[in-house]
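Q: Single-letter residue listing:
Number of protein chains: 2
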Amino acid sequence: MTGSLTIAGLGPGDTALITPEVSTALAEATDVLGYAAYVARVGPREGLRLHPSDNRMELQRAGEALKLAAEGRNVVVVSSGDPGVFAMAAAVFEALEDAPELQDLSIRVLPGVTAMLAAAARAGAPLGHDFCAINLSDNLKPWTVIEKRLRLAAEADFAIAIYNPRSTSRPDGLARALEILGNAGCADRTIIFARAVTTPKERIETMSLREARPEMADMTTLVIVGNSATRRIGRWVYAPRRAS
Amino acid sequence: MTGSLTIAGLGPGDTALITPEVSTALAEATDVLGYAAYVARVGPREGLRLHPSDNRMELQRAGEALKLAAEGRNVVVVSSGDPGVFAMAAAVFEALEDAPELQDLSIRVLPGVTAMLAAAARAGAPLGHDFCAINLSDNLKPWTVIEKRLRLAAEADFAIAIYNPRSTSRPDGLARALEILGNAGCADRTIIFARAVTTPKERIETMSLREARPEMADMTTLVIVGNSATRRIGRWVYAPRRAS
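Top line first, the protein sequences correspond to chains A and B.
Residue numbers are given in the numbering used here: position 173 of the first sequence equals residue 173, and the series is strictly consecutive.
Residue numbers are given in the numbering used here: position 130 of the second sequence equals residue 130, and the series is strictly consecutive.
Do not take every clue at face value.
What the hints assert, rightly or not - Label pairs and their computed distance ranges (CB to CB):
1. B:R210 - A:E179: 31 to 41 Å
2. B:S106 - A:R210: 28 to 38 Å
3. B:S23 - A:T199: 13 to 23 Å
4. A:D54 - B:L102: 44 to 54 Å
5. A:R235 - B:A27: 21 to 31 Å
Please keep in mind that the hints were generated in silico from the structure rather than gathered at the bench.
Predicted model only: the values in this text are computed from it and were never measured.
The C-beta atom is built at its ideal place from N, Cα and C for all residues, glycine as well.
Same shape as in the complex, but just chain A:
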């Protein structure tokens, strides 16, 4: 009996943004593992075991998924957005590295629409020119690394997608990031707070960085800071194809 492990992205929230590839994988799964809020997006079905777990349990969850697959189950680990962007895929490969006896297991990663792409689409095209993505909540990453990356991203004039701007692990991360970017010459840049994108609670707010306040973001918000050439037309924000 040969099992398999699929690491799949559910997209930002709307079921119309789940790729058919991922829907097929879920239809064929015997076991679905993930953070409880994401597992809840997978409908129950006869023959399917759901394994919801806590948000901070990535490595344990990855190990459990590998174990179930090795036992012959067809396992899908779900992430919101894309599983390779600040999500479960890295944790699974970390667990795999610690389990050399499982390295011939059938593993697939199925991409999804990550939050910054959905947020950018709602706002216009703020990521139409070179950009970077920085995760503020990752508590395995020292704050000095984040600070350095924010400064260099400002100097490079990248548009900057900020994932997890407000998290329990780093509640003051966004306040500090806004201050760093302001001091790095980005006070007049356009900033977008994209909350709960593609869900009924969606709200998009656009302003200059100097007007931004950390409490404008919650746990479901993705923040995009435009590059220095970013323009606004009515409700739309876009990065011109010409370099700033």
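Add chain B to chain A, keeping to what the hints say.
A: Frame of chain A, contents of chain B only:
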């Protein structure tokens, strides 16, 4: 008669990666515009006019799409991958800025799976930590800007997704980028050449940056340079969740 303009991403190639949202938009369209190779991915159907155009015609195509929508047509502009990442969305908003009389037009951007996410998924999870995306082919962007961004991205220890590494507009771009990154201390980093991802011609090659040669990339290749902590296990490449 009210028209609409939808800017939609077809994903990297495989139809199983086109979101249902985009499929619905295509089913309701009266007109589809885009680069010929992408329009060819949309099946012909009665009542649907296909408007293929040349690769370098972004702004003219955007203007034509706005004009058709203003005439009452349901227009879809298609891009490969995600329309907001080095693709048509920015060109449409640029054209819209030049046409103030059309700024009340019904416009939507529908996100898609951009090439770097599909390439990363095939390789493992090289974008599991902070990363950036740089387009080498954009001939509206001076090379000095690209060079500066590559140097700062190396210093920030971002994983780096390189779009359009070999283009007719900048055939030597990748050779110069590899040299810049090598000189910036990245010679031992892992590099992934992901060619024609999710199509029958897909080929994934992984090596150290010092072993990479520009001719390993063609027009359909997406290149990912790992960060300094990136690890390989068998055929998989991943960015550990811990910072380098």
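Q: Determine which of the earlier numbered hints do not hold for this structure and return their numbers in increasing order.
A: Of the numbered hints given earlier, the structure breaks none, since each of them holds.
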